[in-house]
Amino acid sequence: MSDGARKTSPKSTFHFLAGLSSGITSAVLLQPIDLLKTRVQQRTSHSTPHHPHGASALRLALAEIRSAPHLLPALWRGAVPSALRTGFGSAIYFTSLNSIRHRLSSPALANASNHSSTLPKLSHIANLTSGAVARSFAGFILMPLTVLKVRYESTLYNYNSLPRAALDIYRHEGIRGFFSGFGATAIRDAPYAGLYILFYEQSKKHLSNLYMDKSGNGGAATINFASAIFSGAVCSAISNPFDAVKTRIQLQPDGYRNMVHAAKRMVSEEGLRSLMDGLGLRMGRKAASSALAWTVYEELIRRAEGSWTKKDGVRGGEKEAGKL
1 MSDGARKTSP
11 KSTFHFLAGL
21 SSGITSAVLL
31 QPIDLLKTRV
41 QQRTSHSTPH
51 HPHGASALRL
61 ALAEIRSAPH
71 LLPALWRGAV
81 PSALRTGFGS
91 AIYFTSLNSI
101 RHRLSSPALA
111 NASNHSSTLP
121 KLSHIANLTS
131 GAVARSFAGF
141 ILMPLTVLKV
151 RYESTLYNYN
161 SLPRAALDIY
171 RHEGIRGFFS
181 GFGATAIRDA
191 PYAGLYILFY
201 EQSKKHLSNL
211 YMDKSGNGGA
221 ATINFASAIF
231 SGAVCSAISN
241 PFDAVKTRIQ
251 LQPDGYRNMV
261 HAAKRMVSEE
271 GLRSLMDGLG
281 LRMGRKAASS
291 ALAWTVYEEL
301 IRRAEGSWTK
311 KDGVRGGEKE
321 AGKL
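Using UniProt numbering, you'd call the opening residue of the sequence shown number 1 and step up by one each time.
Hints should not be assumed to be uniformly reliable.
Stated by the list, open to error - Label-pair distances were calculated between CB atoms; the ranges are: (1) 170 to 206: 41 to 51 Å; (2) 64 to 202: 35 to 45 Å; (3) 260 to 210: 42 to 52 Å; (4) 60 to 164: 19 to 29 Å; (5) 267 to 155: 21 to 31 Å.
What the hints contain is simulated information worked out from the structure, not anything from laboratory work.
Yeah, the Cβ is synthetic: ideal placement off N, Cα and C, and Gly gets one too.
The whole structure should be built from the sequences, with the hints applied where relevant.
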């Protein structure tokens with residue numbers, strides 16, 4: 001790799017490790033919220049006309065967790081598959097996203113005004129496309145872990161370990177069982193990721209112009225954090241119906257055969273509100289996880305690029321001195 005390429009595109013291995021670190025951090029810290037969301041959506045999967053929704057379902061889920069013999073293990077149930085899925089999912093996502101964005105980046109945009117990020121600058125369409133493609137790819141690779149995570153968090157399955165859960169799924173559903181709900185997941189994640197990158201980059205751009213000084217210093221982490229919270233909350237609200245459908249299919253693949261069948265059944269039996277099950281929890285969780293993951297990731301990349309730039313400068317000085 002040439003010096004010029006190194007300056008514009010940090011090593012893929014570091015993007016992988018930075019994504020892995022940020023994903024594991026956010027997954028472990030926010031697992032209780034993710035657990036509650038699954039439990040709320042699970043309760044409506046056995047819906048009746050009088051089945052609890054919204055706040056009532058949340059209160060029942062909280063009461064169920066509080067009644068567990070040990071509160072902390074109950075709150076962090078499913079943390080291992082969640083950390084594995086989110087950690088490696090973030091690693092694959094950020095690595096592929098960086099590669100795609102560098103291929104689509106424009107030199108004119110790269111030399112734009114102050115910006116809180118050192119990542120490639122793209123057009124609106126390129127941001128949408130890169131986010132959607134990278135997320136779909138990562139989602140497919142990590143789908144088996146996603147199914148394991150949801151089943152493990154649910155009370156519909158009394159799994160005592162991940163190997164037992166994997167064996168049970170394989171025995172009863174085959175390999176196909178590990179990809180239950182992928183259609184709904186892809187339709188949820190691709191638009192979500194595309195819109196997220198678009199909103200995130202635009203938010204960073206506007207906030208950077210308002211609050212960063214001319215040298216490009218000051219408040220970068222705060223700007224990235226605020227932009228991630230806003231983008232995560234908005235995009236999770238837009239894509240929540242697909243998340244609710246996806247959870248139903250993964251928990252009860254026999255009752256909800258595919259995305260269209262699941263959506264029709266949910267609306268006919270429970271009304272449109274069923275598509276918004278777990279919305280508040282998902283908005284809070286996605287906003288917080290996006291803020292943690294992207295802020296940690298961008299800070300690690302920023303520090304790495306600063307270190308590499310200094311090393312390149314030292315090497316350049318040594319070469320000039322050698323010539324003299």
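In this structure, is the beta-carbon distance linking residue 170 and residue 206 contained in 41 to 51 Å?
-> 49 Å, holds
So does residue 260 sit 42 to 52 Å from residue 210, Cβ to Cβ?
-> 44 Å, holds
For residue 267 and residue 155, compare the CB-CB distance with the range 21 to 31 Å and indicate the outcome.
-> 25 Å, holds
Does the Cβ distance between residue 64 and residue 202 fall inside 35 to 45 Å?
-> 41 Å, holds
State, for the Cβ atoms of residue 60 and residue 164, whether the hinted interval 19 to 29 Å holds or is violated.
-> Holds, since residue 60 and residue 164 (Cβ atoms, about 27 Å apart) stay within the stated range.
Checked against the numbered hints above, the structure breaks none of them.
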